[in-house]
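There are 2 protein chains.
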Amino acid sequence: MTKPASNLQIDSSRLWDTIHTTAQFGATPKGGVRRLTLGPEDKQVRDWFRTACEKAGLEVQIDGLGNMFALRKGRDMSKPPIGLGSHLDTQPTGGKFDGVLGTLAALEVIRTLNDAGIETELPLCVTNWTNEEGSRYAPAMMGSAAFVGDFTVDDILGREDAAGISVAQALDDIGYRGDKPVGAQKFSGFIELHIEQGPILEAEGKTIGVVEHGQGVLWYDGKITGFESHAGSTPMKHRRDALATLSEIVLAIETIATELGNAVGTVGEAVIAAPSRNVIPGEVTFTIDTRSADAGILDQLDQRIRAAAAGIAAKRKVEVALDLVWRKEPTHFDTTLVGAVENAANALGYQNRRITSGAGHDACNLNTRLPAAMIFVPCKDGVSHNELEDATQSDCAAGANVLLHTVLSLAGVAK
Amino acid sequence: MTKPASNLQIDSSRLWDTIHTTAQFGATPKGGVRRLTLGPEDKQVRDWFRTACEKAGLEVQIDGLGNMFALRKGRDMSKPPIGLGSHLDTQPTGGKFDGVLGTLAALEVIRTLNDAGIETELPLCVTNWTNEEGSRYAPAMMGSAAFVGDFTVDDILGREDAAGISVAQALDDIGYRGDKPVGAQKFSGFIELHIEQGPILEAEGKTIGVVEHGQGVLWYDGKITGFESHAGSTPMKHRRDALATLSEIVLAIETIATELGNAVGTVGEAVIAAPSRNVIPGEVTFTIDTRSADAGILDQLDQRIRAAAAGIAAKRKVEVALDLVWRKEPTHFDTTLVGAVENAANALGYQNRRITSGAGHDACNLNTRLPAAMIFVPCKDGVSHNELEDATQSDCAAGANVLLHTVLSLAGVAK
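Protein chains in written order, with the numbering used here: chain A, 4 to 418; chain B, 4 to 418.
Some hints here could point you the wrong way.
Since the list gives no way to pick one copy over another, a pair counts as held whenever it fits inside one copy or between any two copies.
As the list claims (entries may be wrong) - Within a straight-line C-alpha distance of at most 27 Å, the following computed DSSO-like cross-link-like pairs (lysine-lysine) qualify:
{"id": "1", "residue 1": "Lys226", "residue 2": "Lys189"}
{"id": "2", "residue 1": "Lys33", "residue 2": "Lys320"}
{"id": "3", "residue 1": "Lys383", "residue 2": "Lys318"}
{"id": "4", "residue 1": "Lys240", "residue 2": "Lys331"}
{"id": "5", "residue 1": "Lys82", "residue 2": "Lys33"}
{"id": "6", "residue 1": "Lys320", "residue 2": "Lys383"}
{"id": "7", "residue 1": "Lys226", "residue 2": "Lys331"}
{"id": "8", "residue 1": "Lys331", "residue 2": "Lys189"}
No wet-lab data here; the hints were simulated from the structure. Since the structure is predicted, the reported quantities are computational estimates derived from the model, not experimental observations.
Let's have the full structure, built from the sequences with the hints guiding it.
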């Protein structure tokens with residue numbers, strides 16, 4: 004006996020319990036999670052996840068980089084499945100929700116369909132991507148990046164962590180180097196549920212973010228070479244102060260990103276060479292992270308930041324070198340899938356808004372090769388990558404319900 | 004047979020050779036000197052200096068903190084001597100001139116008087132102060148500070164270096180804990196020749212700086228507490244960026260010091276807690292060093308810097324804590340002695356100007372208890388505390404000649 008699919012809701016308590024069950028693998032005293040990719044805690048959660056998927060009747064396959072694919076058959080097996088999921092690894096001092104919510108909500112969707120006896124037309128595939136966080140191995144979003152061909156498998160297998168352990172070794176150590184070829188799994192589309200990791204939904208009182216775009220990124224390494232001199236005996240007008248130069252650059256980036264709109268800009272690292280209380284800083288190295296969902300604005304950010312730095316350098320008679328170390332183009336999620344997410348949110352009566360993802364996600368990588376979209380739910384104070392990361396049971400359930408109904412609309416209910 | 008004192012000149016080559024002889028004690032491959040106070044190289048230069056003083060007929064006494072006093076008798080031994088000298092220790096990567104010039108020029112003055120057969124009315128006392136630099140032991144200018152009673156001898160003897168070696172132990176290790184009570188040596192006045200350690204004389208083409216004032220100092224420890232969040236997903240208007248806050252403070256200090264005039268202000272240290280390329284800095288600690296030769300301006304610096312920091316903190320919704328860790332009042336050198344330096348420079352035909360010392364010196368400490376003054380000569384590009392520190396033979400000789408004639412005018416030539 005099947006319930007009508009249109010009224011279907013996931014089991015909020017079961018999802019919440021599952022989140023807290025897996026949060027034990029790598030639990031920290033402050034209530035967060037430390038579960039570095041391919042480490043012993045990641046093996047624990049992977050083992051738990053595989054067992055749970057198998058109990059839910061899914062066939063679990065693992066590819067050569069440890070990406071996990073748990074298949075639920077559909078009526079029409081001639082078409083690739085709709086994928087749903089995220090990642091189970093965390094930051095070194097991470098929270099319970101980043102990534103985990105998306106993977107466990109996908110499992111909850113399957114359990115809900117099973118309970119309701121609903122068969123879908125297209126098959127479904129619950130996914131756990133390897134090393135989304137990038138804390139132990141670079142690059143972040145490694146599994147999905149290799150999946151879409153941005154890196155070769157051999158390149159990734161050879162990457163080493165700080166202790167010199169390769170990805171290949173780490174996969175073998177925990178028994179998660181599978182035999183499915185990387186990239187072999189096909190998808191008709193992919194939906195990722197994730198916490199927002201920003202403050203917008205909470206600030207606006209929205210439950211669901213319909214993720215339309217992912218920001219493109221420019222990363223720079225910067226170096227300012229001024230002149231180190233005595234803080235007491237060097238008059239203000241004779242100074243070539245590298246920190247004062249950086250200060251103008253930091254504020255210029257803030258102004259430029261604000262003026263352009265649809266952009267952010269941050270100096271996250273700044274180190275004075277040979278700092279001393281009574282010495283004018285002579286050299287400062289720093290990094291810039293600037294982003295926009297609009298490729299044209301990325302270009303303007305590049306031009307304006309470089310022009311500002313050059314102008315400040317000339318005025319202060321110092322050298323400023325800016326080295327662009329990474330450019331990632333903006334993500335524009337598949338309009339059909341974005342529409343499906345929005346329809347599901349509206350049908351369920353959740354307050355929602357279109358939103359741009361500030362952070363990178365596996366779905367951004369996947370979108371370069373197949374139709375993808377994302378669902379955001381609020382997180383407390385916008386905090387993520389932090390043991391204080393928090394989200395409500397009700398918002399997590401809302402996100403899972405939107406995931407359920409988006410997937411149902413894409414996969415179809417078998418008549 | 005005595006030469007007329009008014010035409011007397013020091014021996015420029017002998018002074019230059021002496022500077023380069025002592026630069027061998029702790030010579031670095033880059034042409035600088037590493038001669039940390041009370042270490043083996045300091046013992047080498049002290050031994051050399053004691054022998055040179057004794058060869059010049061001086062009686063060398065050493066006090067309980069290793070301060071060295073080399074006395075040349077005058078005709079009238081009822082009056083305390085005119086002191087002249089500086090220090091022989093250096094920074095870890097120091098130069099050949101900082102301190103050394105003042106001590107060796109004092110020795111050169113004695114040698115010149117000896118060669119000319121000139122007896123002075125008042126006795127003279129060539130001095131080498133212990134630990135002016137403060138690199139191995141805090142505080143800097145330790146020997147002269149204890150000499151004037153700012154610290155007790157026991158306090159100083161108990162200070163330890165990074166390896167846990169006390170000042171007492173270090174003095175005993177090199178045999179320079181003398182039996183003369185600290186502070187027992189009396190002076191009728193004290194003249195210190197030093198390189199400027201700043202760019203003013205060189206920039207203005209002056210040979211001699213007649214040092215009128217020494218700057219007072221305010222030192223602060225600062226801490227900014229904003230909020231760490233994701234550089235991609237936190238909109239510009241939601242940020243509480245600790246580094247952008249510091250940037251405004253750095254530029255405000257620059258503006259305040261420039262507007263007040265007769266002041267400098269520097270942020271020499273700034274450390275982001277848990278820096279990461281894609282994280283908005285949530286906490287920054289920093290230091291401020293601000294100085295003026297005018298106590299009223301010091302007060303204004305304090306008020307305006309605190310007000311600026313509070314305003315920036317309120318605007319950015321962050322916390323800024325400023326802790327004043329040191330206040331040193333400005334030095335106003337003895338007007339008679341300053342006049343004597345100026346007269347000597349004019350009589351010798353050297354281009355000169357009144358100047359304020361940006362750095363602290365032993366003479367600043369001494370001036371709190373006895374009449375003192377200083378003579379500056381230019382150093383290349385204003386660079387000091389650096390192996391690149393440099394000065395010309397001609398400028399060093401000019402400084403020594405001004406020292407000679409200042410001392411002669413103060414001590415008087417015995418008829």
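Structure-based check of each hint:
1. Lys226 x Lys189: neither (45 Å within a copy, 52 Å between copies)
2. Lys33 x Lys320: Intra 48 Å, inter 26 Å, cutoff 27 Å: inter-copy only.
3. Lys383 x Lys318: The answer is between: 23 Å across copies meets 27 Å, while 43 Å in one copy does not.
4. Lys240 x Lys331: between (41 Å within a copy, 24 Å between copies)
5. Lys82 x Lys33: Intra 45 Å, inter 72 Å, cutoff 27 Å: neither.
6. Lys320 x Lys383: between (45 Å within a copy, 18 Å between copies)
7. Lys226 x Lys331: within (22 Å within a copy, 35 Å between copies)
8. Lys331 x Lys189: For Lys331 and Lys189, only the intra-copy Cα distance (24 Å) is at most 27 Å; the inter-copy one is 73 Å.
In terms of the numbered hints stated before, the structure departs from hints 1, 5, listed from lowest to highest.
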